[in-house]
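Q: In case you want the letters, here they are:
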Amino acid sequence: MNKPVVIIGGGIAGMEAAACISAKGREVILLEKTGQLGGHLLQWDRLFPTRRKSSEVLRHLEKGMNDGISVHLEAEISGIENNNGVFIVKLSDGREFEGSALLLSTGYSVFDARKKEEYGYGIYDNVITSAELEEFFRNNRQENLLKGIKSKRIGIVHCVGSRDEKVGNLYCSKVCCITGVKQAIEIKELLPESEIYCFYMDLRMFDRHFEEMYYEAQQKWGIHFIRGRMSEAAENADHTLVVKVEDTLTGLPLKMTVDILILLVGFIPSPETARLAGMLGIDSGEDGFLIVEDEHFASNSTSIPGVFISGAVKGPVCIEHTITDARAAALQVLSYLDSEIAKWRNSETVK
Amino acid sequence: MKDFGYSINKDKQIDFDDNNKEVMNKVLRMEPSLQVCIACGSCTATCSAGQFTGFNIRRVHTFLRRGEVRFLKKEIMKCMFCGKCQLVCPRGVNLRNLILALHNSLEINGL
Numbered sequence: 002m003n004k005p006v007v008i009i010g011g012g013i014a015g016m017e018a019a020a021c022i023s024a025k026g027r028e029v030i031l032l033e034k035t036g037q038l039g040g041h042l043l044q045w046d047r048l049f050p051t052r053r054k055s056s057e058v059l060r061h062l063e064k065g066m067n068d069g070i071s072v073h074l075e076a077e078i079s080g081i082e083n084n085n086g087v088f089i090v091k092l093s094d095g096r097e098f099e100g101s102a103l104l105l106s107t108g109y110s111v112f113d114a115r116k117k118e119e120y121g122y123g124i125y126d127n128v129i130t131s132a133e134l135e136e137f138f139r140n141n142r143q144e145n146l147l148k149g150i151k152s153k154r155i156g157i158v159h160c161v162g163s164r165d166e167k168v169g170n171l172y173c174s175k176v177c178c179i180t181g182v183k184q185a186i187e188i189k190e191l192l193p194e195s196e197i198y199c200f201y202m203d204l205r206m207f208d209r210h211f212e213e214m215y216y217e218a219q220q221k222w223g224i225h226f227i228r229g230r231m232s233e234a235a236e237n238a239d240h241t242l243v244v245k246v247e248d249t250l251t252g253l254p255l256k257m258t259v260d261i262l263i264l265l266v267g268f269i270p271s272p273e274t275a276r277l278a279g280m281l282g283i284d285s286g287e288d289g290f291l292i293v294e295d296e297h298f299a300s301n302s303t304s305i306p307g308v309f310i311s312g313a314v315k316g317p318v319c320i321e322h323t324i325t326d327a328r329a330a331a332l333q334v335l336s337y338l339d340s341e342i343a344k345w346r347n348s349e350t351v352k
Numbered sequence: 722m723k724d725f726g727y728s729i730n731k732d733k734q735i736d737f738d739d740n741n742k743e744v745m746n747k748v749l750r751m752e753p754s755l756q757v758c759i760a761c762g763s764c765t766a767t768c769s770a771g772q773f774t775g776f777n778i779r780r781v782h783t784f785l786r787r788g789e790v791r792f793l794k795k796e797i798m799k800c801m802f803c804g805k806c807q808l809v810c811p812r813g814v815n816l817r818n819l820i821l822a823l824h825n826s827l828e829i830n831g832l
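Going down the list, the protein sequences come from chains A and B. First residue of the first sequence? That's 2 in the numbering used here, and the numbers climb one at a time after it. First residue of the second sequence? That's 722 in the numbering used here, and the numbers climb one at a time after it.
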């Protein structure tokens, strides 16, 4: 019980949990499968609703990476052994680590928009995902997307891969609604002449300042919202797109031509999370995300003593809440280790 | 052309590309608060005229925003300007001015 804490996944949750655990004097081993810490933060440009640079948040997380944390990159896990609460994590390159507790924070994957073939992603030129738009913004390559045209009609499609049994995802991905509103404003800042239409079923502005941002999108930027799930897009000879949707507020089908279609892609449980959860024996729900011991009071522990989870492995979550969840996870890991030490001391006294 | 006895019906779908956006743009300029409508329907639920006629002010606004303006002139005649819609609107939309602005711009556009 005096061995380090092994954290698998060096994204937002993994980094923050590592910083908190190490701040309390516990050694941490942080394993990351890619060559860089930061997870999805590396993919985004600005965050909702503050419009803060993603890189700035990453810099804050990096400040927490002190000497008590040994970071191992390119760590592909080949096996995990659980010897009565001592975890041996083996990597495919032969490296091996031992820990007294294990935190899984391997995050999520972005939904593959090609599965919604009717929207034409990967088939039509001007259909892109919200994740790709972030990449354009991040690299300052918007011009490539806009191709010099100043006035455009742009469609933004909500719930792509979410709330959709046809792709096997019944759940709401939570962050896409506000991402769509944020990106609509960002496009409008670049192209004040453009018309933007968001196609939505409900607008789920669940968190503080989200509704205000939606209000700003309508009032200040004149962004239009059409209620109805888009059924299909078809490409014209000039590479513009005709979209079809029921405008459910008039009760009539509607078609319109747009120059660019942006698909707000949701969360899916990452295949790596599923693989590692399988190795450890952590249960997952019907949606594929992992199950915690108690939704309210043990929201980072699992049915296996010493194994904890944090972040988007538990389901769609925004960055602010991921950071809070990582801190809660750190606290649960530390109390577990303290109680293990107390148990050991008691048994020593009895002897 | 020879008449074969067939005719083509216009379909019911909203063709946003062809529709009249001039009236919409004009009304939005005259009453920008319409932009923040969330289509909750509070206005329609409380509407005095709506209790006795088919008048639905939420739908009038939605149709305007889609460029479907052909039927609006007849519809807006049903409003009695009592202003209850405005009292209940959670987004503070000036709905009476929607009707006035519609009267005005429909007339200008000869609709």
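Worth flagging that the hints you see were computed from the coordinates, not collected in a lab. Take these hints with a grain of salt, some might be off.
[What the hints assert, rightly or not] BS3-like mimics (lysine-lysine), calculated; alpha carbons at most 30 angstroms apart, straight line: (1) A:Lys167 - A:Lys245; (2) A:Lys256 - B:Lys742; (3) B:Lys731 - A:Lys189; (4) B:Lys799 - B:Lys731; (5) A:Lys175 - A:Lys221; (6) A:Lys245 - B:Lys794; (7) A:Lys256 - B:Lys747; (8) A:Lys221 - A:Lys167; (9) B:Lys733 - A:Lys256; (10) A:Lys153 - B:Lys795; (11) A:Lys221 - B:Lys742; (12) A:Lys245 - B:Lys805; (13) A:Lys25 - B:Lys795; (14) A:Lys245 - B:Lys731; (15) A:Lys245 - A:Lys221; (16) A:Lys221 - B:Lys805; (17) B:Lys805 - A:Lys256; (18) B:Lys794 - B:Lys747; (19) B:Lys747 - A:Lys189; (20) B:Lys747 - A:Lys153; (21) A:Lys116 - A:Lys175; (22) A:Lys54 - B:Lys731; (23) B:Lys795 - A:Lys167; (24) B:Lys805 - A:Lys153; (25) A:Lys25 - A:Lys4; (26) A:Lys245 - A:Lys116; (27) A:Lys256 - B:Lys795; (28) A:Lys153 - B:Lys799; (29) B:Lys742 - A:Lys245; (30) B:Lys747 - A:Lys221; (31) B:Lys795 - A:Lys189; (32) A:Lys221 - B:Lys731.
Small disclaimer: the values here were computed from a predicted structure and weren't measured.
Q: Now look at each hint and say whether the structure bears it out.
A: Here's how the hints hold up against the structure:
no.	hint	in the structure
1	A:Lys167 - A:Lys245	holds, 18 angstroms
2	A:Lys256 - B:Lys742	holds, 14 angstroms
3	B:Lys731 - A:Lys189	violated, 35 angstroms
4	B:Lys799 - B:Lys731	holds, 27 angstroms
5	A:Lys175 - A:Lys221	holds, 24 angstroms
6	A:Lys245 - B:Lys794	holds, 28 angstroms
7	A:Lys256 - B:Lys747	holds, 22 angstroms
8	A:Lys221 - A:Lys167	violated, 37 angstroms
9	B:Lys733 - A:Lys256	holds, 11 angstroms
10	A:Lys153 - B:Lys795	violated, 34 angstroms
11	A:Lys221 - B:Lys742	holds, 19 angstroms
12	A:Lys245 - B:Lys805	violated, 36 angstroms
13	A:Lys25 - B:Lys795	violated, 72 angstroms
14	A:Lys245 - B:Lys731	holds, 17 angstroms
15	A:Lys245 - A:Lys221	holds, 27 angstroms
16	A:Lys221 - B:Lys805	holds, 26 angstroms
17	B:Lys805 - A:Lys256	violated, 34 angstroms
18	B:Lys794 - B:Lys747	holds, 15 angstroms
19	B:Lys747 - A:Lys189	holds, 20 angstroms
20	B:Lys747 - A:Lys153	holds, 20 angstroms
21	A:Lys116 - A:Lys175	holds, 20 angstroms
22	A:Lys54 - B:Lys731	violated, 50 angstroms
23	B:Lys795 - A:Lys167	violated, 43 angstroms
24	B:Lys805 - A:Lys153	violated, 38 angstroms
25	A:Lys25 - A:Lys4	holds, 14 angstroms
26	A:Lys245 - A:Lys116	holds, 18 angstroms
27	A:Lys256 - B:Lys795	holds, 25 angstroms
28	A:Lys153 - B:Lys799	violated, 38 angstroms
29	B:Lys742 - A:Lys245	holds, 19 angstroms
30	B:Lys747 - A:Lys221	holds, 17 angstroms
31	B:Lys795 - A:Lys189	violated, 36 angstroms
32	A:Lys221 - B:Lys731	violated, 37 angstroms
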